[in-house]
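From first to last, the protein sequence lines stand for chains A and B.
Mapping the first sequence onto my numbering, position 2 (from 1) lands on 2, and the numbers just tick up by one.
Take any residue in the second sequence, count from 1 to its spot, add 1000: that is its number in my numbering.
DSSO-like mimics (lysine-lysine), calculated; alpha carbons at most 30 Å apart, straight line: (1) A/LYS202 <-> A/LYS107; (2) B/LYS1133 <-> A/LYS13; (3) A/LYS202 <-> A/LYS103; (4) A/LYS202 <-> B/LYS1037; (5) A/LYS107 <-> B/LYS1037; (6) A/LYS103 <-> B/LYS1037.
Source of the hints: derived by calculation from the structure; they are not laboratory data.
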Amino acid sequence: MTTTTAPRRPRRKIEGIYYAFLVPSVLIFTIAITLPALIGIFFSFTNSIGFGEWEFVGLINYIAMFTDPAILSSYLFTFGFAAVTVVLVNAIAFLLAVGLTAKIRLKTALRTVFVIPMVVSGIIIAYVFNFLFSNSLPAFGQATGIGVLSESILANPDLAWVGIVIVTAWQAIPGTLLIYIAGLLAVPGDVYEAADLDGASKWQQLFRITLPLVVGYVIINVLLGFKNFLNAYDVIVGLTNGGPGTATRSIPMTIVTGFTGGDYAYQMANATMFFVIVVVISLLQLRITRGRNAI
Amino acid sequence: MSMQPALIAEGIEATATLEDGKARRGPARAVRSRGNKPSLSLMIVLLLSAITVVIPLYVTISMAFKTQAQAVDGNAFSLPAPFSIDGFVTAWNLTNFPAAFGVSVVVTAGTVIGTVLLGALASYAISRNWDFKRFRWSFFYLLAAMFIPFPVVALPQIQLTGLLGLDNPVGVTILHIMFQLSFSILLFTAFLRSIPAELEESARLDGATTWQTFWQLIFPLLAPMSATVGIFAFLASWNDFMMPSLITSNPALQTLPVVQSIFQTQFSNNYNVSFASYLMAMAPAIIVYLFTQRWVMEGVTQGAVKG
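The following block holds chain A by itself, in its conformation from the complex (with noise of 0.2 Å):
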């Protein structure tokens, strides 16, 4: 944080109205968010069904998990559906920033739309793609003679991922765009003029230039979007469910069915994991970003 002087020794009483003010949030966020995460890394070393009777199992929850195939499978489908996604809303992302911050007609009213995406609910736009991907996509397939797109996507086990990738794309790419622009708007304009006498071309001055000037909204993009992306929930559920079979079941999915499948104190172990996981990216993040002083 910018306050970050060095603590004076305080010598003045604390007005009893400023505890006031700060005790709600601490006491309900204790309540709600820090002891459900407490309770929930002390079952993950019982065997506990979610009631009733349980006994300490140690780290039996733990190593079970690396040899459990749906475990696995879940982790394996999420990283590498987020690490497809994050490259390819960044990439969309950045030209379009680059494009919303050029000189053209209509910039004001291109934002309005190209941020849309952002304020739709998910679950509710990934229902209308089930029925793109499942109705329209396959009319189009079968018109065109295009096998694979025939049937639908989303009934493919090698291929429903696609379709999730494309939905979580598409609600992602507003977020991003807008940090791109505001790191493009900070470029100051005379170094493309210096580029333009120089006689660079468009295209040299966007990678050579430009993208080593906004890196660092680059960084924070990447890892953001990466986050994000691994919490993925919504959306599958609008699309697959996790299905055909379990080919694209998250690792949230995969967690929330300890709530109904009886192995409670297992998914815990899955989630203090996927915690650990979520927090050293978040570490990272936090590292870089602070590191740097002039993104």
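Based on these hints, arrange chain B on the given structure of chain A.
Just chain B now, kept in the frame of chain A:
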């Protein structure tokens, strides 16, 4: 989990090279004024790209106004002929729209009010007592929610809300507020630091108490931040599916996004009905966005860039 806008706030330490004045002038500003003519080819490319955004929305609207006979004919892109509102009428009854809409409104309104109020109060206490350890630590403690995605704590939260009798929209509202709190505290504290101390001191000299200073001076000054925080809380809460679907046990008390699932299990061929229902659930968020886009766009940037 859908891309919750609030999670975008996590680039907190990114240094603010983008100073406020620059950000605030916003969209209409041309960055590179090189060359005098606006690029026509670029605009056409962007317009074509915008079609990918518009298609799903167009299909939703046109399907919603079709008759059932036309909706099942397989052509998603045709215009409604004849124009029919039967889908809306049926969807209204089928999903018990007034009930689900009411629950969504209550949860969302509660989330917006709770996030703004709790966030502003806590941020004020924190920023005015920054030199005391327990306030500094509370700040980092509350920000830690950004490290905890909902799926990680979902199972214990389902249990806990059940035990406390909060497995209902009230519990969902509380959880929505708590997951929005980090973002709001981040924005509010950054803004509070920029308010000159003299302003408050003069209020104190006039005999105002801390309580009065907050409500009469600080809270009104926070209005633009409250708008941003409120809109993001609105969008996250209105659009959320995962949390209400897992926390609320009584199906009659579900929010709009959750009740749409009936079209996946039953009535799955009444496309005009399901799309009319989707449209009624999506429209409020899009309408709010169209009127508040300045704050939505700034909010993303501030969340990512402020620190």
